[in-house]
Structures are given as C-alpha cells and as structure tokens.
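For the protein sequence lines, the chains are A and B, in the order given.
Per the working numbering, residue 1 is the first one in the first sequence, and the count goes up by one each step.
Per the working numbering, residue 1001 is the first one in the second sequence, and the count goes up by one each step.
For lysine-lysine, the following DSSO-like pairs were computed, each having C-alpha atoms within a straight-line distance of at most 27 Å:
#1 78/A <-> 148/A
#2 1090/B <-> 218/A
#3 3/A <-> 1136/B
#4 1406/B <-> 218/A
#5 5/A <-> 1136/B
#6 133/A <-> 1289/B
#7 135/A <-> 1429/B
#8 135/A <-> 1433/B
#9 30/A <-> 3/A
#10 148/A <-> 133/A
#11 1090/B <-> 1238/B
#12 49/A <-> 1436/B
#13 1090/B <-> 229/A
#14 1238/B <-> 1188/B
#15 1216/B <-> 1436/B
#16 1090/B <-> 1357/B
#17 148/A <-> 1406/B
#18 52/A <-> 188/A
#19 1436/B <-> 135/A
#20 78/A <-> 55/A
#21 1289/B <-> 135/A
#22 49/A <-> 3/A
#23 133/A <-> 1429/B
#24 1238/B <-> 1325/B
#25 1136/B <-> 30/A
#26 218/A <-> 229/A
#27 1289/B <-> 1333/B
Don't read these hints as lab results, they were simulated from the structure.
None of the values given here were measured: they were computed from a predicted structure.
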Amino acid sequence: MAKPKVAFYWCASCGGCEETIVDLAEDILKVVEAVDIVLWPVALDFKLKDVKAWKPGEVAVAFINGAVRLSEQEEWVKLLREKCSLVVAFGSCAHLGGIPGLANATTRDEIIANKYLRAPTVNNPEGTVPQEKSKVNGFELELPNFWKDVKALDEVIDVDYYLPGCPPPFETVATAVNAILENKLPPKGSVIAPEKALCETCPRNESKPDDLTITSFKRLATSTPDPEKCFLADGFLCMGPATRGGCGERCINGNMPCRGCFGPTPDVLDAGLKMLSAVASRGAADTEQASQDFADSLVDPLGTLYRFSLPVSMLRRRLVPTGDNQ
Amino acid sequence: MSKRITINPITRLEGHGKIEIFLDDAGDVERAFLQIPELRGFETFCLGRPAEEMARITPRICGVCPTAHHIASTKCLDDLWHVDPPPTAKKLRELVYSAFMCEDHFLHFYFLGGPDFVVGPTAPATERNILGVIAKVGLDIAGQVIAMRRKCRELIETMAGKVIHPVFGLPGGVSKGITEEQRLEFLKTAETAVEFAQFSLNLFNDVVLKNDDYVKLILDDAYAHRTNYMGLVDENNKVNFYDGHVRVVGPDGDEFARFAPRDYTDHFAEHVEPWSYVTFPYLKSKGWKGFVDGPDSGVVRAAPLARCNVADGMATPLAQAAYEKMYETLGGKPAHATLAFHWARLVEALYAAERMKELLEDPEITGTDIRTEPTRTPDEGIGIVEAPRGTLVHHYFTDDNGVLTKVNLIVATNFNAAPIAMSVEKAAKGMIKGGKVNDGLLNMVEMAFRAYDPCHACATHSLPGQMPLVARVYDSTGKTIKELRR
Chain A
1 MAKPKVAFYW CASCGGCEET IVDLAEDILK VVEAVDIVLW PVALDFKLKD VKAWKPGEVA
61 VAFINGAVRL SEQEEWVKLL REKCSLVVAF GSCAHLGGIP GLANATTRDE IIANKYLRAP
121 TVNNPEGTVP QEKSKVNGFE LELPNFWKDV KALDEVIDVD YYLPGCPPPF ETVATAVNAI
181 LENKLPPKGS VIAPEKALCE TCPRNESKPD DLTITSFKRL ATSTPDPEKC FLADGFLCMG
241 PATRGGCGER CINGNMPCRG CFGPTPDVLD AGLKMLSAVA SRGAADTEQA SQDFADSLVD
301 PLGTLYRFSL PVSMLRRRLV PTGDNQ
Chain B
1001 MSKRITINPI TRLEGHGKIE IFLDDAGDVE RAFLQIPELR GFETFCLGRP AEEMARITPR
1061 ICGVCPTAHH IASTKCLDDL WHVDPPPTAK KLRELVYSAF MCEDHFLHFY FLGGPDFVVG
1121 PTAPATERNI LGVIAKVGLD IAGQVIAMRR KCRELIETMA GKVIHPVFGL PGGVSKGITE
1181 EQRLEFLKTA ETAVEFAQFS LNLFNDVVLK NDDYVKLILD DAYAHRTNYM GLVDENNKVN
1241 FYDGHVRVVG PDGDEFARFA PRDYTDHFAE HVEPWSYVTF PYLKSKGWKG FVDGPDSGVV
1301 RAAPLARCNV ADGMATPLAQ AAYEKMYETL GGKPAHATLA FHWARLVEAL YAAERMKELL
1361 EDPEITGTDI RTEPTRTPDE GIGIVEAPRG TLVHHYFTDD NGVLTKVNLI VATNFNAAPI
1421 AMSVEKAAKG MIKGGKVNDG LLNMVEMAFR AYDPCHACAT HSLPGQMPLV ARVYDSTGKT
1481 IKELRR
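The shape of chain A in the complex, shown without the other chains (with noise of 0.2 Å):
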C-alpha cells in the first residue's frame, strides 16, 4: 500500500512551527519513513504546479500554520483544503489569531505610519510609503495589499482538527500525526490536546490554595516570582486557570507564568472573559478604592487576556469609526 502523502504550509507566521517539526529531530527520518512530504517550503522544492496537479482527497492530510491576512494566502489554503482528506490548524497563529492578531488592536494607517514616517531612525521627509504599484525608472513594480484584520485558518476555510500551542511542542505533532496514520481519529472539529485546564497538570498546583484570593497584582519588571508557588498566589497574573494543558508547561519550568497560547478549555468560548471572570472572582477588594486599585495593578488586560486570541474573540478587533481608511 501506498504510503499515506502529507503536506505542510504556512501562511501568517513566525516559522516558529516549521521548527517544531524541524524538532522532531531524528523522529523526523521515521516521519519521512511512514509518509510521504508532498509539500514543505521551508525546506524541500514541491511547487503550487505540483500541488494544483494533486486530485483531490489524494494528499491525506495539511497542516497549515499561520494566521491568515493576505488573498494570496487565502488563495493558498483554499486550494489545499479542496485538495486534501483532512486540514489540521497548526498551532496558535492558525487556532486562535495568535500573537500577530492583537494587529487587530490597531489599524493599517498606524501600522504603515508608525513604520515608515514616526519611526526614530526613518528619515523620510518625502513621506514615502510602500505602493501596491510603483514606477522605478519607467519600471513597474507591484507588492500586495493586505486585509484590515488578521483572521484564524477556520474563519477562511473549513478545518478538521486544532493542533495548538506557540508554537505545538513536538509531541503532540508526534500524536496528532500516529492518530492518522492509525485512523484513531477524534470527532471533527477537535483541538488534539487534553481538555482539562493547565493547572491541573501544573507542577506548582499544589501550592494553590482553594481560596485564592488576589489583593494587587505584580509586574515581573519589578518583582521575580518564587520559583515553586503558584503564580496567582505568588500575585502574577497567570492564564493557567483559562489555559488548555498539554504544553508540558514549558513556561512554568522557566520559572514564568502562563501566557494562554493553548487557548481555551472546550468548555470556554472566550479565553479572555474566562480569565477576566476567574480574577474578578478572586479579588479581594471590600472598598470601592481598593476594586479600583486592584482593576489597575493589572496593566493591559487586553494584550495580556486575549495575547493569543483576539481575532477569534467574542472582541475580534478594535472598533473603528465607519468611513475610516484602514
């Protein structure tokens, strides 16, 4: 029988993820021994002829990492998703928005201007910013235009599984990637992760009291966690309680606490109001002054609650005044 053929793509990404497979270091030999790479950019020379000349559902699985923000990207992914038995979102960026989607707090004109006319060292007194077309010497040049928001894989085509995490640590690539070579797949629609929260597998879980409560949360500019307690009981805002677990708690063993790049539980639709709830919950402010002290020792709740995830949020984006050119 014909090895099963498998396709790796990015699109809106750090390559974070091609080096988690990259990772799977002398795991990689036995991969390649069980599959066949129809297409991987980062390191071997498959073009889109070659992808386009794929019938469809004869490539049995993509993985595709990144956000999505341009129509070559979407053009991209389309054609793999008709191309390919199952498509899984690889790792935040595809999952949730990932970290380039807190752009979503921000618009295209502050992002061209901050760029290329504030910037301290820019010295630009033409004002001169990138064109979709420009003529150099009577040559024509074009560069794409890219989409006011930054979107997650399922909000462009339909996908089958979630791989999360920033990026997925190589074992579970390793799992997602033995449960379909032995067909012991999940309902569709699963995130391959467990769905209990990271507390719970937390090496520091011990030290977590039953009644947490928060009185004034630290900044770890100014303060360094202890390295055994918990870190809400410690007083560092720690995403773990709204946080999937499957990590391996990578950042807790770096002695830092959780940023929430495995999403939410399958239970919580908004990681961020989860979260936000859950510290509510647990604060112990009895005066008004104190509620409002405690609300502002949590500096940028929404660059902190939503890191991973604001595009696919219940906020999605900033609002902006109608008729604004972003």
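Mind docking chain B on chain A? Use the hints.
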C-alpha cells in the same frame, strides 16, 4: 523592448521575497529588484503593552531566531529600567545565546545555504536541499547534525523554558539559574559542539575549498561588493554576539565609527522605497546615495563576514586560527566576497561552541544571584545583540509605569536589505546574458541573497509564506513569451 523575469518566491530562506529582473533588447540584465512583500507591524501593536512582556512578544517576529529577539529585548529592558544584572545572570544569558548561535549557524549551513555547495549550485532542484546533503555526506553525518542541534536546543529549553520563544529574560537578570548537575551535562554538549564545528570547517575545506570551480565562484566579481561593514566587538575589538560596542569599518577596512548601543541613532538612519515593505538603513554621516557600494556610499553590511571584517579577531583560540586561515585564503581583510559569508558563519559557529565551553567552566555560572530587581523609573531603553543574520536593535520608550509608547526595531536583515538587493542585481547581471535563463542560472542569482542567510520575516516583522518559484519572460506588451517553473 524590455523583458521581465520574476522569481517568486525566492526559496530556502526565512520569509517572503521576490526578485524582478528586467532585460534590455539584447537580453542582458538592465535592472533587478529584490522586493519584500510583507509587513506585520510589531512597532504598532506592541504599543500599550507592559514593556517587560516584550521579551515574550518579540520572539514571535521570528521563530527561527526567537532567542536573538528575546535577548535583545531583555538587554533593552535592562537599559529601560536602568539596571545592571549580576554577573551570573549575564553569563547565563550569554550561554543560552552561544548555544543558539551555534545551532542556528549549523541550521543554515546544512539545511539552507549549504546545499548550494555540498550538492552543487546547478544540481537538480529536487536534490538541492537537506535530503541532497544527506545523500552526499551520508546518514551518519546527517545524524550528527541533527543530534548536535537537538542537544544545543535542549540546553536552551532547560534554561530558558522554551527553545522556540524563550521566556527566562527579565529586566535586571533572568528568572532561573542552573544546577551543578546541569552544568556538567551542558559541558558535554559544548565539547561535542566544538568538535562538530571543527568537523564542519573541515567539510567546508574538503567539499568547497578543494573544488577550484567553487573557489572561483566565491571570488567571482559577480558576487563581490566593496561596502562598509558593522558588528559588535568587545573591549579588545574581538567579535562578540551578546554585548559590546558597535564598530563600523569602511570598504578599505579602516575604522569609521565605534560607539555604544545608546548612540545608534546618531549613526544610522533608514531610507524608505515605495516598492518594498522593508526599510533600508544606512550610515547617517555618509548619507543615502542609492543602491551602490564604494567609499562614499552609506550602505553597510552586517552578519558573519561583516563581523569578522570589523573585528581584530576571535576571542577563542580555535576560532582565531580558523579566522586567520580564512583571511589568508581570501587575500586579506576586509573580504568583500559575498559567498565567503558561508565560511565566516562556520568560523563563528566554532567561536560560539568554544564560548559555551568557557562559560560552563566558569564557577560563577552556577551562582544563585541571578537578578537585580529594578527600582528606578523606566523611560527609554536600547538593546543591541548580534543575531546570526547581523546586528539587531530593539529600542523602546515607555511612560513612568513602563507601558510602551514607542517602539523601534532595526533587525539584522534590515541592515543587509540594501546590500542583498545590490548583490542580487549584480549576480543577475553576471549570470544572465543574451536572454538565456534556466533553473541553474536562477539558483545562482538566488545564491547571492542566500549567503546573507536573510530573514525577511524579521526584516519586515512580517509573515513568512511560500509561493512557487516561477520565472516568466514578458515582452513589452506584457505577453508571456516564456515560462519556467522549478
């Protein structure tokens, strides 16, 4: 009648890029442009974030060199909060950084740039990749490459939490130290890394330097540019990746400037072109003179060969010997041969491995004083490191509460953006004559940028992606007269 050839995307690099080549009536290259068609806007969406989170957010600029952004950001935070980390903390950061430089340089040599030499510049496209390298050098050596990178990356993961997007850097120090047991284990990794770097230099010697055609290619004028060079140096003017002063030398090798990171805005400015999302930094005092080299041009190159060119040598003995041998063969310093970046990269990998070993033999590395907590009011900070692909600048402004109000990032491939564009154009002019185009020739044009190991994800803080390589030849009415696909 002008004809146009499009190479989209360029491959075996990190990030997007496309090359537009315009031919004249005779079929020779009139102009060539390397365009970077992406932009993400970290400078903007980081505003309003607490500055200390930058060390965790900015690694997402690039998953291939997240450690470079993490460490540059962490050093920027030291400066922002006016705090000096304890010696152990600095050494722990430099240890992680050296392990990273080592494995990243190996990644480029064996996976990205190396196939052009190990397999061959005009070898079939299907073999010009890591699998082709494995076929050439054997599974045993391939296994060693994989194992070496894994061990370096395990060290980073143990120390910094995650290898892809590390978390341990804090203003004034790090969140975590190492035990004596870990030190001994890492020391074995460092010793293996030193051996493996020497092996890689020998491989380069046997496969590249003993092949006259390759040496001719390296020294071919089509791949040379007489530019300024920049890089961090220590107090003895030796190459340093983690800290030091920025030194700039002119095309003749004379020192042009030497300054502390804090003063970078006095020396550099960025130029904007309407046809690319990348900005083009240049030496302020020489000014922007366009995409040209020579003594009057403000264009400055960064990354391995540039670092070797600005320094007086390497700070470790084996790397110093390799450094001397390299310049002997290249005919002295500074070397202008773009393809020699590959060689300098391996010299640096050896230095990084030796530096790992030195740090692990330092008793202070297992110290427990790993952080000085900031007490002063933050305002403005600048952090500079040498990323694998060149000098990397993080520059933050905050309010009194340490919340970001302005962010400036000039990354390694930014500095090399103009030189890469020039190198691609010059290689295109040297390789494409009389309208003759084939896959091998186009790859030899791509080799001009690959030598820099560019990271266009970094350069535009952009979104890597991939399109097939298509070369189309158009006539003046825009009609396709020839199409090639790799």
